[in-house]
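Taking the hints into account, I'd like the entire structure generated from these sequences.
2 protein chains.
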Amino acid sequence: MSEVLIKAKKAKEISYQLISKTTDEKNKALFAIAHQLLEDEKDILAENAKDLQLGMEKGLDSSVLDRIKLDSQRLKTIHHAVLDLIELNDPIGEKLDVIQKENGLEIIKKRVPLGVIGIIYEARPNVTVDAASLTLKTGNAVILRGSSSAKYSNSVLVKSIQKALRTTTIPPEAVQLIEDTSRETASELFVLKEYLDVLIPRGSKALIDTVVANATVPVLETGAGNCHIFIDESADLVMAKNIVKNAKTQRTSVCNATESLLIHSNWYEKYGTQFIPYLIGEGIQLIVDDEISQAFPELQVATVEDWATEYLAMTLSVKLVQDLSDSIEHINKYGTNHSEAIITKDENNAQIFQTKVDAAAVYHNASTRFTDGFEFGYSAEIGISTQKLHARGPMGLEALSSTKYVINGSGQIRK
Amino acid sequence: MSEVLIKAKKAKEISYQLISKTTDEKNKALFAIAHQLLEDEKDILAENAKDLQLGMEKGLDSSVLDRIKLDSQRLKTIHHAVLDLIELNDPIGEKLDVIQKENGLEIIKKRVPLGVIGIIYEARPNVTVDAASLTLKTGNAVILRGSSSAKYSNSVLVKSIQKALRTTTIPPEAVQLIEDTSRETASELFVLKEYLDVLIPRGSKALIDTVVANATVPVLETGAGNCHIFIDESADLVMAKNIVKNAKTQRTSVCNATESLLIHSNWYEKYGTQFIPYLIGEGIQLIVDDEISQAFPELQVATVEDWATEYLAMTLSVKLVQDLSDSIEHINKYGTNHSEAIITKDENNAQIFQTKVDAAAVYHNASTRFTDGFEFGYSAEIGISTQKLHARGPMGLEALSSTKYVINGSGQIRK
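Line by line, the protein sequences are chains A and B.
As numbered in full-length UniProt numbering, residues 1 to 415 make up the first sequence, in order.
As numbered in full-length UniProt numbering, residues 1 to 415 make up the second sequence, in order.
Keep in mind that the hints were calculated from the coordinates and are not lab data.
Among the hints, erroneous ones may be present.
[What the hints assert, rightly or not] Quick look at which bits of chain A chain B covers, simulated, 3 or more residues with Cβ under 8 Å:
(1) 16-29
(2) 94-108
(3) 203-216
(4) 242-254
(5) 360-374
(6) 388-396
(7) 402-413
Glycine residues also receive a C-beta, built at the ideal position from the N, C-alpha and C atoms.
Okay, structure coming up:
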C-alpha cells in the first residue's frame, strides 16, 4: 500500500473517533500543540534552515524563500494563532433546526465535522500548522500534502504536532503529512473519494486549476482574485484616488488586491489627465486600452489576456467603459468571482452593480482589500472561497463542517 | 457552435437577468406555467404517446414505461406541484448576516441564486417540470438534459413552459432543454465550467457515478441509498417487526428504503427463529450470512457484494453483528451515507450510533422511509444529497441558492 493510501485509511478511521470529541478535548489539544511548537523551536528552525539552504541552491526566488523562512518571531506568531483558535466558538454539535412532527418524530439538524480533509498547498510552512489546527478545532482529520520546497519544515512541524497530541485524548494521526512530495502523491489524493471528504488546494491558480480538473473528491476552491474597481460617472475624485491606491498598492501579492480598473468615459474626460498621472506617480505600472493610450502613448497597450490577468504586482490594467452595464458585463466575463468594487455617488447604480456582479464580495465605495476573514470579523479562515457551493467568500470554521439529521422516534413508520 | 454551447451561453446571460427578478415576478411565471401545461394537455399527451410507442418497440421494461407515462391525472398532479411552489417562501434576497464594522463598513451576507444549473436525468418527464419550476423559483437559469426515452415528452413540456414564460417578465430561455440526447451532449455539459455553476444528476447510481467522475463543474450528488437498520440487543420485537417491514416493503424502488439488516447476535438468539420466518412471510427475499444460513438453509447466502447492494426490490440482506460498534463499522464501510436506523431501548447506544454513523439521516426507533423533503416539512425538494458539502439530506429551495457579501462604505481603505 502506498503512503497516501495508508495515511488516508488511517485518517478515515480516526475521523470517526474525532466526531465525538468534546470542545474541551479539542481545545486542550490546541493548547498542547501551541506549546510544543515553542518547545521544539530549535529543531524546527534547524529543519527549516535545510529547506532554505536547498532553496538557495535551487535558485528559488527571494520572495519564495521568504515565504518558506521561519524564525523565532514567526514561530511565536504561529503559536499565538493556534492559541487564538481556542477562544473561538466550536460550531460542531450546534443544533441548526429542531422539527417536531405530528407523528411524534423529532428531527434535529446538527453541525458535524466534514470527516477527512485533504489540503494541498505550496511553500509556506505556516499553512501546515494553520490547516492542522483549524481542522482539529472542527473535529476533522487532516491529510497535509505540502510542497517539496518546505518538506523538512513541514515534516518537523507535523512531528511536533503529533508529539503534542500524544499527551491528549486526540489521536496523533488526526494530523498526518504526506512526506513524499512527488507529483504522484497529489494525483493519488485527487481520486481517493473513499477516504477523503473534501480537498482544499491552497496556492497558485495553476495548482487550484489542476486540482479542480482532476479531482473526483469534492473540492473547496479558494483564491484566485482578478479583482476590479469600476469608477462610475459620479465618483468622487479624492475617494477614487484613495481607494484605487489602497486596493492596488497596499499589498500586491494577495488575492483581494485590485488588478483591473474600469473608468466611465465621462468621468475619464473630466479627470483622466489628472488621474492617470496620479496612478503613475504612485509607482503603478499601467497597462491601458487604446483610447487612454492615445493620450498617454508612453503606456503599454493592453491585450485581451491583460483583462484576465491577476498580476499580483504593482501592475494595473485600465479600460474605459461606456456605462454601468458595460462594466458589469466586463467583470462577469473576466473576473474570478472574488472581490469587485464600484465607486459612485449614485446609490441606484451601486445597487445594480452589487446585484448583478457575480462575485463573493461586491463593494460600494470601499477597497477590495477588505475581503478577509479577520476583516469580516470571522477570525481564523481556511481560505477565500470563489465558488458558489457550500461556502462563498472568507471561509471560517463553519466551512469545515457539514450537517446531519438526527431523528428520534418511538416506532414510527411511514404511511 | 454546438447546441449545448449555444444554450449554455444563453443560460449564463439570462441568469444575470434573473438575479434581480422579484418574488412576485417569479410566482407569476410559475402560475403561467401551471396553467399553460393544462392548456397544452392534448399536445403533451400526444407527444408522450410517441415516447411510449417507441419505448414499447424498444422493449423497455413496464416499470420504465410507467415512469415515462403521462395522463390527465398525472398532468394535474404536476400542475398542482407547480402551484404549490408559489406558496413557498422565496429564499433569494434573504439577509443571513449584517455586520457593522467600527470603520463604518456595513457587510451584508445575502442569499443569491446559484446562476446556471444543469440537470441530467433519466426517464420521468415530471422531473422536467419539477426541476424547471424549482430552479425558476430560486432565480436560476436551467439547462435540462433528459433521456432519449422521454425526448418527445420533455420537448413538448419545455415548449409549453417557454410559451408560458413569454407572457411574463421572465425570459423564456430561463428554461432550456438539450434536444440532442446523445451521450456527447451530456459529456459536453460535464466540463462547461465557464457557463454552468452546478450540475445535478438525478437517476441511477451509474449515472451519478459517471457525472461525479467526469465533471469539472461542481456536482450536487443525490441519491443512492444502501440504507441499513440495526436491531440492537434490547430492541422491542414488535417495533422491530413493524419498522423493518415498513422500511423494506412500503415502497421498494426509492432511495430511502432499507436494503440491509444488521441484527445483534444476542437478540437473534432470542428472537431469530420467530423473526426470520416473519420477514419471509411478508414476502421479503432474504439474503443471509453464514450463521443465519445454518438455521435457515433454504435462504440464499450473501456475498461481499450483497453488503454493498441497493436492491430497490423486495430483497433484504441480513447479517449478525457482535455489538454496536460492529454495526457502526459495517454501515460506515458499506453504506452510502443516506439513511440509517437503530432499533434499541438503550438511549446511550442510540446516541453513539447517531453520532458515529456517517449519514445524512440517522434514526432511532423509526423507519428510514422518512428521509424526504415533504416528510421533513421542507415541501419541494430537488433530491436527497448524500454528500457533505453544501447540502445534506433532503434539498429544498435553499440548496439551490448561494450567498454573496454586499459591502457598503464611504471611502474606507485598509490600514
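Verification of the supplied hints:
1. 16-29: Three-residue rule met by the stretch 16-29 of chain A, so holds; n is 3.
2. 94-108: holds (count 4)
3. 203-216: Per the Cβ count (3), the hint holds.
4. 242-254: holds (count 6)
5. 360-374: holds (count 11)
6. 388-396: Our answer is that it holds, as 5 residues pass the Cβ test (under 8 Å) against chain B, meeting three.
7. 402-413: holds (count 12)
Checked against the numbered hints listed earlier, the structure breaks none of them; every hint is satisfied.
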